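Participant: Sequence:
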Amino acid sequence: MSATGYDATYAAWRRDPDGYWAGAARGITWDAPAAQVFDPSQGVYGRWFPGGRLNTCFNAVDRHVAAGRGAQPAIIWDSPMTGRVETITYADLLDRVSRVAGALAARGVGKGDRVIVYMPMVPEAAIAMLACARLGAVHSVVFGGFAAAELATRIADAKPKAIVSASCGLEPGRVVKYKPLLDAAIGLSPHKPDAVLILQRPESPCELTPGRDADLLAAMAGATPHACVSVEATDPLYILYTSGTTGAPKGILRDNGGHAVALHNSMDLVYGIGPGDVFWAASDVGWVVGHSYIVYAPLLAGCTTVVFEGKPVGTPDAGTFWRVCEQHGVKVLFTAPTAIRAIKKEDPEGAFLKRHDLSKLEALYLAGERCDPDTITWSERLLQKPVVDHWWQTETGWTITGNFRGPGLFPTKPGAGGKPAPGYDVVVLDEANQEVPRGQIGSLAIRLPLPPSCLPTLFNADQRFRDAYLSAHPGFYSTADAGMVDEEGYVSVMSRTDDIINVAGHRLSTGAMEEVLAAHPDIAECAVVGVRDTLKGQVPLGLVVLKSGVSRGEADIAKELVAMVRDRIGPVAAFKDARVVGRLPKTRSGKILRATLRKIADGEQYVVPPTIDDPMILDEVGEVLKGAMR
1 MSATGYDATY
11 AAWRRDPDGY
21 WAGAARGITW
31 DAPAAQVFDP
41 SQGVYGRWFP
51 GGRLNTCFNA
61 VDRHVAAGRG
71 AQPAIIWDSP
81 MTGRVETITY
91 ADLLDRVSRV
101 AGALAARGVG
111 KGDRVIVYMP
121 MVPEAAIAML
131 ACARLGAVHS
141 VVFGGFAAAE
151 LATRIADAKP
161 KAIVSASCGL
171 EPGRVVKYKP
181 LLDAAIGLSP
191 HKPDAVLILQ
201 RPESPCELTP
211 GRDADLLAAM
221 AGATPHACVS
231 VEATDPLYIL
241 YTSGTTGAPK
251 GILRDNGGHA
261 VALHNSMDLV
271 YGIGPGDVFW
281 AASDVGWVVG
291 HSYIVYAPLL
301 AGCTTVVFEG
311 KPVGTPDAGT
321 FWRVCEQHGV
331 KVLFTAPTAI
341 RAIKKEDPEG
351 AFLKRHDLSK
361 LEALYLAGER
371 CDPDTITWSE
381 RLLQKPVVDH
391 WWQTETGWTI
401 TGNFRGPGLF
411 PTKPGAGGKP
421 APGYDVVVLD
431 EANQEVPRGQ
441 IGSLAIRLPL
451 PPSCLPTLFN
461 ADQRFRDAYL
471 SAHPGFYSTA
481 DAGMVDEEGY
491 VSVMSRTDDI
501 INVAGHRLST
511 GAMEEVLAAH
521 PDIAECAVVG
531 VRDTLKGQVP
541 LGLVVLKSGV
551 SRGEADIAKE
561 LVAMVRDRIG
571 PVAAFKDARV
581 VGRLPKTRSG
591 KILRATLRKI
601 ADGEQYVVPP
611 TIDDPMILDE
621 VGEVLKGAMR
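Numbering (full-length UniProt numbering), first residue to last: 1 to 630.
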């Protein structure tokens, strides 16, 4: 294999960016053509396809039925949690989506209104998203693992007219009742939705609140199917909240036109997938991977997408992923390195894998966190297929760097995230905004403008968008990741440059956790750092300083802190350890040295910062960190 095909594709974009994206736009059905491909005078840094009109749901569903492919499977729902497998054709999907759209419209939801979707991994989650897109409404999916307080902040910010939820979610060994969490969140939020539609699951039905709630399936059955509403390419499709460094969630905004063009284009470019192929992104619709590669991109490309309700291990064993691939003829599997590490831990020699016929599986793609080389080499050895690590973010919505099956794979380098996708000019900058030499570490940044599908701004927060992403390096988008580009153009992502940690592929703010710890009556100050974990990539560790005079047992306080984080942020935070220290290492200006703490916890070499207030504190805290890591 060579990089020839990739080089030619990337060079074509470099030579004529507008021409490249105009060609990609021809893969989408438009109600009206765009006035121009990119207008740098609109928005914060420019807007893609201004003047164009389309409907994302039409492109993902209706046009495939109109093309005579209504009998093709659109969604395969595979649920080891319930023992059910359901296949939904494009024709059936069209009927269900148009009826949910009708049910929402009957409750006053229209173009531009927000709808929160708070659901487990069931087909109705994707159907609700598509129904919003059909109406021109803006959906905001909230992962079901988040606690009521986190959901409440999203309700308060998005101000949804309606919420679509379910009575419960299913986890191995337990049922998670969603309705009490939802009711508590609505109670906490100053904004109240007009209507709530609930999918009643037989595992744990719930009581409906009179005058506000309705049974989703009953509402569907009685609804008049709703047609697609044409929207501007620059109109919003969805808001997806991600952790902010202040603890306040940031509403990543995605537009309709650029999103449809880039995601449709990415299916062939990145994954080598076309109409009729079976694609499986083993993620959750609450995360960006679920938005982009469970719901929108596969359906825009006319593929069959797998919606999986289960875990990589324990539902029932470490062979579940391979069973799904064999049973449904998956061509490309996309998951997080955490999932593969969990499988590797339970089945190091691949005994479960060898029981399944994976002849139809052509490649494994990994993303969501930096993938360690051991995970890649283990996967390649057992699968005997290409294993691709690729890097992207909630903010971009699709691949920044990777390897590209469309033009032909080039050799991979374990530990590197591949090369930039067409549309991305990735550079490494120092603090003076100057490019650093190849092979040196600095801040990874992308030269403006960002390509289609990347966030044009934050929801109702243009200035916060500028401050968070554009101010550190004028003329560039700051990824908040540190890394390097080597002599051959391979990009390696080394670490975060802010306090966002990556727990099993989920980006979480240590600042938000610190806010919870600081609320405990016995805590004077605290710091949460992400420390290396062989399974989850990173896990949070709390360091707390007790208020003077506190004489309670440290173990009891730690248990209370763990419970507080679980209650206010959710189990997804994986916060399981808090240690008491006498003092926290700080600069003379009072800034806690979190980066240094992370290096100590991970056993890395570190330099004592010249601005430190008292170097002796590092030795004291270091002993505590080493004890926690044993």
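Calculated directly from the structure, the hints in this document are not laboratory data. Since the structure is predicted, the reported quantities are computational estimates derived from the model, not experimental observations. Careful: at least some of the hints might be erroneous.
[As the list claims (entries may be wrong)] Straight line, CA to CA, 25 Å or less: simulated PhoX-like cross-link-like pairs of lysine-lysine:
{"hint": "1", "residue 1": "Lys311", "residue 2": "Lys413"}
{"hint": "2", "residue 1": "Lys547", "residue 2": "Lys586"}
{"hint": "3", "residue 1": "Lys345", "residue 2": "Lys626"}
{"hint": "4", "residue 1": "Lys576", "residue 2": "Lys626"}
{"hint": "5", "residue 1": "Lys586", "residue 2": "Lys626"}
{"hint": "6", "residue 1": "Lys311", "residue 2": "Lys586"}
{"hint": "7", "residue 1": "Lys559", "residue 2": "Lys576"}
{"hint": "8", "residue 1": "Lys559", "residue 2": "Lys626"}
{"hint": "9", "residue 1": "Lys111", "residue 2": "Lys159"}
{"hint": "10", "residue 1": "Lys547", "residue 2": "Lys576"}
{"hint": "11", "residue 1": "Lys559", "residue 2": "Lys177"}
{"hint": "12", "residue 1": "Lys311", "residue 2": "Lys192"}
{"hint": "13", "residue 1": "Lys177", "residue 2": "Lys576"}
{"hint": "14", "residue 1": "Lys177", "residue 2": "Lys311"}
{"hint": "15", "residue 1": "Lys354", "residue 2": "Lys311"}
{"hint": "16", "residue 1": "Lys311", "residue 2": "Lys345"}
{"hint": "17", "residue 1": "Lys385", "residue 2": "Lys413"}
{"hint": "18", "residue 1": "Lys159", "residue 2": "Lys345"}
{"hint": "19", "residue 1": "Lys177", "residue 2": "Lys159"}
{"hint": "20", "residue 1": "Lys626", "residue 2": "Lys599"}
{"hint": "21", "residue 1": "Lys576", "residue 2": "Lys599"}
{"hint": "22", "residue 1": "Lys385", "residue 2": "Lys345"}
{"hint": "23", "residue 1": "Lys559", "residue 2": "Lys547"}
{"hint": "24", "residue 1": "Lys599", "residue 2": "Lys586"}
{"hint": "25", "residue 1": "Lys354", "residue 2": "Lys385"}
{"hint": "26", "residue 1": "Lys192", "residue 2": "Lys177"}
{"hint": "27", "residue 1": "Lys159", "residue 2": "Lys192"}
{"hint": "28", "residue 1": "Lys111", "residue 2": "Lys177"}
[To be verified] Pairwise CB distance ranges (calculated):
{"hint": "29", "residue 1": "Gly108", "residue 2": "Ala67", "range": "29 to 35 Å"}
{"hint": "30", "residue 1": "Pro474", "residue 2": "Gly83", "range": "54 to 60 Å"}
{"hint": "31", "residue 1": "His356", "residue 2": "Arg466", "range": "46 to 52 Å"}
{"hint": "32", "residue 1": "Val85", "residue 2": "Ala221", "range": "21 to 27 Å"}
{"hint": "33", "residue 1": "Arg174", "residue 2": "Ala67", "range": "51 to 57 Å"}
{"hint": "34", "residue 1": "Lys111", "residue 2": "Glu623", "range": "57 to 63 Å"}
{"hint": "35", "residue 1": "Asp462", "residue 2": "Val608", "range": "22 to 28 Å"}
{"hint": "36", "residue 1": "Arg84", "residue 2": "Asp486", "range": "24 to 30 Å"}
{"hint": "37", "residue 1": "Pro33", "residue 2": "Gly108", "range": "41 to 47 Å"}
{"hint": "38", "residue 1": "Met494", "residue 2": "Val175", "range": "39 to 45 Å"}
{"hint": "39", "residue 1": "Arg532", "residue 2": "Gln440", "range": "21 to 27 Å"}
Even glycine gets a Cβ: it sits at the ideal position worked out from N, Cα and C.
Participant: CA of Lys111 to CA of Lys177, is that 25 Å or under?
Facilitator: Outside the cut-off at roughly 31 Å; violated.
Participant: Does the beta carbon distance between Pro474 and Gly83 stay inside 54 to 60 Å, or does it fall outside?
Facilitator: holds, 55 Å
Participant: Could you tell me whether the CB distance from Arg532 to Gln440 stays inside 21 to 27 Å?
Facilitator: holds, 23 Å
Participant: Could you grab the alpha-carbon distance between Lys576 and Lys599 and see if it respects the 25 Å cut-off?
Facilitator: Distance ~20 Å between Lys576 and Lys599 Cα, so the pair holds.
Participant: Is 41 to 47 Å right for how far apart the beta carbons of Pro33 and Gly108 are?
Facilitator: violated, 32 Å
Participant: When you check the alpha-carbon spacing of Lys559 and Lys626, does it fall within 25 Å?
Facilitator: Holds, at roughly 20 Å.
Participant: The hint says 21 to 27 Å between Val85 and Ala221; measuring C-beta to C-beta, is that right?
Facilitator: Hint holds: Cβ distance 23 Å, inside 21 to 27 Å.
Participant: Under the criterion that the straight-line Cα-Cα distance not exceed 25 Å, is the pair Lys576, Lys626 satisfied?
Facilitator: holds, 16 Å
Participant: So if I understand the rule, the pair passes when the alpha-carbon distance is 25 Å or less; does Lys177 with Lys576 pass?
Facilitator: Within the cut-off at roughly 22 Å; holds.
Participant: Would the pair Lys311 and Lys192 pass a check requiring their Cα atoms to be no farther apart than 25 Å?
Facilitator: violated, 34 Å
Participant: Is the hinted pair Lys345 and Lys626 satisfied, with a Cα-Cα distance of at most 25 Å?
Facilitator: holds, 24 Å
Participant: Has the given pair, Lys547 with Lys586, been kept, meaning a C-alpha gap of at most 25 Å?
Facilitator: With a Cα-Cα distance of about 18 Å, the restraint between Lys547 and Lys586 holds, given a limit of 25 Å.
Hint compliance for this structure: hints 1, 6, 12, 18, 28, 33, 35, 36 and 37 are not met, and every other hint is.
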